[in-house]
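S.K.: Sequence:
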Amino acid sequence: MKTIELFITNEQLNIEMVNQVHDRIAPQLLRLVEDLGGLYIKFGQEVAAMRGIVPDQYCDTMAVLQDNVPSISFEEVSKLFKEDFGQGIEELFVSFEKEPIAAASLAQVHKAVLPDNRVVAVKVQYPRVKYFHDGDLLTHRVVGHFLSYFYKQFRKPSEEFYTALHAELNFKKEAEHAKRARKNFSHRKDIYVPDIVDNLSSERILTMEFIDGFKVNNLEAISKHGFSTASIAQLVFEGNAEQVFLHGFIHADLHPGNILVRPIPGKPDKPQVVFLDHGLYGSIGDEFRVGYCKFWMALVKGDEKTLIDWCKKYGISDYKILSSVLMIQQFDGIGTDLKDSAQTKKESKYSEFQALYKNMTPEQRRHFKERMDSVTEVMNTVPEELLFILRSSFLLRGVNRELGAPINRFAVMARVASRGATTSKAVVESELSYYEKSLLFVEGAKFEWILRLNTFRSWLFTKLYNISVVLGMNEKLQEIGFALLRYMGTVEEEGPALEASASHS
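Note that full-length UniProt numbering numbers the sequence shown so that position 70 is 70, with each residue one more than the last.
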């Protein structure tokens with residue numbers, strides 16, 4: 001928040017000078033993170049996924065941490081196998097590539113072949129991790145308490161968060177997560193979780209099916225295979241939405257390094273997304289899950305009473321602010337049509353926040369600071385379940401942006417929420433009866449026409465706003481836009497349906 005205040009008060013901020021500072025600091029931060037390793041690598045990975053929120057220099061520089069972290073030697077890998085399985089690598093595998101094909105915060109991955117000719121990926125934990133991880137968590141905990149004491153707007157991480165991070169050290173727990181996620185997606189051919197090889201997995205070694213794919217943000221590979229970025233983004237967000245609204249079991253670390261794309265086996269013209277690294281998961285109970293589904297449906301319908309009641313139940317003071325946070329409304333969609341303008345290109349290294357501030361009046365900046373303070377206040381009161389959901393949402397927002405923001409995330413999430421609201425238990429669709437499936441279908445059909453209308457409203461609002469920016473007629477065209485939206489059924493100018501539907505990407 002102090003950084004935002006500094007930006008607001010400095011009217012003469014030199015963009016080029018700030019970019020030069022970021023250019024110099026980003027590589028230094030990368031070296032520091034690599035030297036510290038472990039939990040700090042994960043911090044760097046999250047920075048890389050926050051494009052549009054932090055300056056591009058940090059996103060671009062930290063991207064290497066998603067799958068290319070300094071690794072350990074093959075001798076150390078061999079030693080781990082003998083300690084955990086009592087046998088050497090040469091006894092367990094027909095072949096085993098000495099050089100890792102990927103390396104991340106806690107482990108590196110080798111490609112190998114089993115005696116039955118199955119090709120597998122072998123995830124090997126760094127031996128040093130167990131010695132430093134607890135210390136890293138303790139440091140994180142102390143700093144979190146310190147900041148929350150002196151800065152009331154800072155929310156210290158919960159014990160559930162630390163428990164989830166610590167569970168990442170146990171690859172047996174990750175294997176359990178992967179198996180559960182694989183079962184949850186068993187009804188789909190286009191979303192996949194690799195199979196686990198149990199007899200060659202331990203707390204420090206995880207052996208799984210090898211997936212020959214490419215990273216989700218590899219635009220060249222997507223084009224080469226004839227896939228559209230929209231189809232890829234659709235699958236990624238459908239998968240996340242099903243985990244949140246149907247399964248109640250959420251992958252909380254879906255940065256681009258943990259999502260692969262390949263053709264569906266036997267269907268080379270159809271894409272399949274593959275979710276990797278199932279160490280960090282969050283679970284939500286059925287009561288919260290169903291209520292959250294209904295909250296999303298209320299966003300679409302403009303049902304203010306349901307929104308207020310749900311927020312009151314969980315001690316959230318302002319449903320409008322929570323809605324904006326969930327939609328990331330303030331920075332998505334508006335300005336989308338201006339991507340290719342000369343001014344935008346000139347400032348392409350500047351974060352969205354900074355670019356917006358540059359064009360604000362002092363009064364707008366004051367209002368925005370007040371808005372950010374209110375957002376922080378609300379975020380300090382949201383339940384722990386929602387924090388895991390928001391974490392995954394922010395990471396996937398970065399994926400959508402790297403793909404060119406080709407889909408309406410709001411519509412994807414809302415459609416799945418409408419299915420989850422009709423059942424009081426977590427849903428694995430392959431286990432539903434025909435009657436239960438028919439209920440889902442009917443409810444979905446009733447909800448779809450409302451959603452399509454709101455999607456059109458969102459499109460119209462965004463186009464009018466962008467035209468107003470180009471023509472310098474912001475206030476007049478916004479008035480026209482709001483009048484049209486009210487005529488089409490929006491109850492109030494700043495009502496929940498309008499605020500919720502204004503998110504575009």
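Incorrect hints may have been included.
[What the hints assert, rightly or not] Pairwise CB distance ranges, derived in the manner of DEER restraints:
#1 E99 - E34: 13 to 21 angstroms
#2 R371 - R118: 17 to 25 angstroms
#3 D56 - I101: 23 to 31 angstroms
#4 E83 - T163: 25 to 33 angstroms
#5 V142 - K79: 32 to 40 angstroms
#6 I467 - E76: 54 to 62 angstroms
#7 N117 - R371: 29 to 37 angstroms
#8 I467 - K179: 18 to 26 angstroms
#9 E377 - A167: 43 to 51 angstroms
Hint data in this document are derived by calculation from the structure and do not stem from the laboratory. Ideal Cβ placement from N, Cα and C applies to all residues, glycine included.
S.K.: Now tell me if each hint is right for this structure.
M.R.: Evaluation of the provided hints:
no.: 1; hint: E99 - E34: 13 to 21 angstroms; verdict: holds, 18 angstroms
no.: 2; hint: R371 - R118: 17 to 25 angstroms; verdict: violated, 54 angstroms
no.: 3; hint: D56 - I101: 23 to 31 angstroms; verdict: holds, 27 angstroms
no.: 4; hint: E83 - T163: 25 to 33 angstroms; verdict: holds, 26 angstroms
no.: 5; hint: V142 - K79: 32 to 40 angstroms; verdict: holds, 33 angstroms
no.: 6; hint: I467 - E76: 54 to 62 angstroms; verdict: holds, 60 angstroms
no.: 7; hint: N117 - R371: 29 to 37 angstroms; verdict: violated, 59 angstroms
no.: 8; hint: I467 - K179: 18 to 26 angstroms; verdict: violated, 51 angstroms
no.: 9; hint: E377 - A167: 43 to 51 angstroms; verdict: violated, 31 angstroms
The structure is inconsistent with the numbered hints 2, 7, 8 and 9, although it conforms to all the rest.
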